[in-house]
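A.B. asks: Take the given structure of chain A and dock chain B with the ligands to it, following the hints.
Listed here are the chains, written in short residue letters.
Number of protein chains: 2
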Amino acid sequence: LFSIAGASPGWSDQGSLLVRNISDVSQSNFERGGLAHITVAGAVLHGMKEVEVWLQTFAPGSRTPIHRHSCEEVFVVLKGKGTLLLASSSSKFPGKPQEFPIYANSTFSVPVNDPHQVWNTDDVEDLQMLVVISRPPVKIFIYEDWDMPHTAAKLKFPYYWDEEAYYSPKDEL
Amino acid sequence: LFSIAGASPGWSDQGSLLVRNISDVSQSNFERGGLAHITVAGAVLHGMKEVEVWLQTFAPGSRTPIHRHSCEEVFVVLKGKGTLLLASSSSKFPGKPQEFPIYANSTFSVPVNDPHQVWNTDDVEDLQMLVVISRPPVKIFIYEDWDMPHTAAKLKFPYYWDEEAYYSPKDEL
Ligand SMILES: [Zn+2]
Ligand SMILES: [Zn+2]
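Sequence lines, in order, name chains A and B.
Quick note on numbering: the working numbering labels position 8 of the first sequence as 8, and the sequence is numbered without any gaps.
Quick note on numbering: the working numbering labels position 172 of the second sequence as 172, and the sequence is numbered without any gaps.
Bound-form chain A, shown alone:
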């Protein structure tokens, strides 16, 4: 449904258009192998203040970092399947995460501040998701593994796509 084959590298000038064609929006993997990210509606790119929407495609075997954030996050799986790994913020470190299968037409939201990771566990098919977050731009704390204390998780801000967008030319909003 969301064909992204036609997308071109680098950021294009999308800030000033009211109706934008997602298929025309450029994408990038932002140094993360296997990830194609499109900011559908964003704070830095489009002036959103309360919500942000991404379209993300994970190649077979690829995944998000283990991370947490204090915003709400809702996923809608458009294509493919995978696993949500979810741990708790109530101990000193995440510990062994729970595993939840995710699949096309499924939706889930990640509890605020809970460490989590989304994997494409399929051998063949891409995992494509619409992702909604509150309070953009996102402030992400990254864990090296599930036993790292919450206090040691490292803030990456601005996150990869926001960092790139800050340094790209765009229209006045």
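No lab work stands behind these hints, which were simulated from the structure alone.
Fair warning: there could be bad hints in the mix.
One copy or two, either will do: identical chains are not told apart, so a pair holds if it fits within one copy or between any two.
[To be verified] Under the rule of at most 30 Å between Cα atoms (straight-line distance), these lysine-lysine pairs were calculated in the DSS-like manner:
| no. | residue 1 | residue 2 |
| --- | --- | --- |
| 1 | Lys139 | Lys154 |
| 2 | Lys49 | Lys96 |
| 3 | Lys156 | Lys49 |
| 4 | Lys92 | Lys139 |
| 5 | Lys49 | Lys79 |
| 6 | Lys92 | Lys49 |
| 7 | Lys139 | Lys49 |
| 8 | Lys79 | Lys156 |
| 9 | Lys49 | Lys154 |
| 10 | Lys156 | Lys96 |
| 11 | Lys156 | Lys81 |
| 12 | Lys79 | Lys96 |
| 13 | Lys139 | Lys96 |
| 14 | Lys139 | Lys156 |
| 15 | Lys154 | Lys81 |
| 16 | Lys96 | Lys81 |
C.D. replies: Below, chain B with the ligands alone, put in the same frame as chain A:
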């Protein structure tokens, strides 16, 4: 992609599940002919506090009311085509709206407080959209026509789907 043919009438018990199958979620037209609405992630149903996600399908010729709200709203068109009508909040009444074509794989966000309406203008195909709002549950002011003063627009709260959800049994969150 989002097959909703299997959906059953009435609300089902979805509050306690972390990963939910959207195809299993019941839908309703909430007294609006031609609309099929699913609350994918909601304040009343699922305990969301900052964002809410809907899946809405408009039959050919059907449309939203002319309305405004002070939250942000992002649309992602999954299927079909139609027209966004958009007026301004800066005069005493909306006046003649601007018209924007919308189509599959397009996205747009509605400026806060601007009166707007989304139409399925196609003769044959459904218009299906994912809709994201901030600050749920939504507080919608409805206009009878584009010449009604902003001050005369009528608040409908809770809105149809939230009203129904309030009165339905659901799990503790
Ligand atoms: Zn996350
Ligand atoms: Zn609206």
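A.B. asks: Against the structure, test the hints numbered earlier, and report the numbers of the ones violated in rising order.
C.D. replies: none
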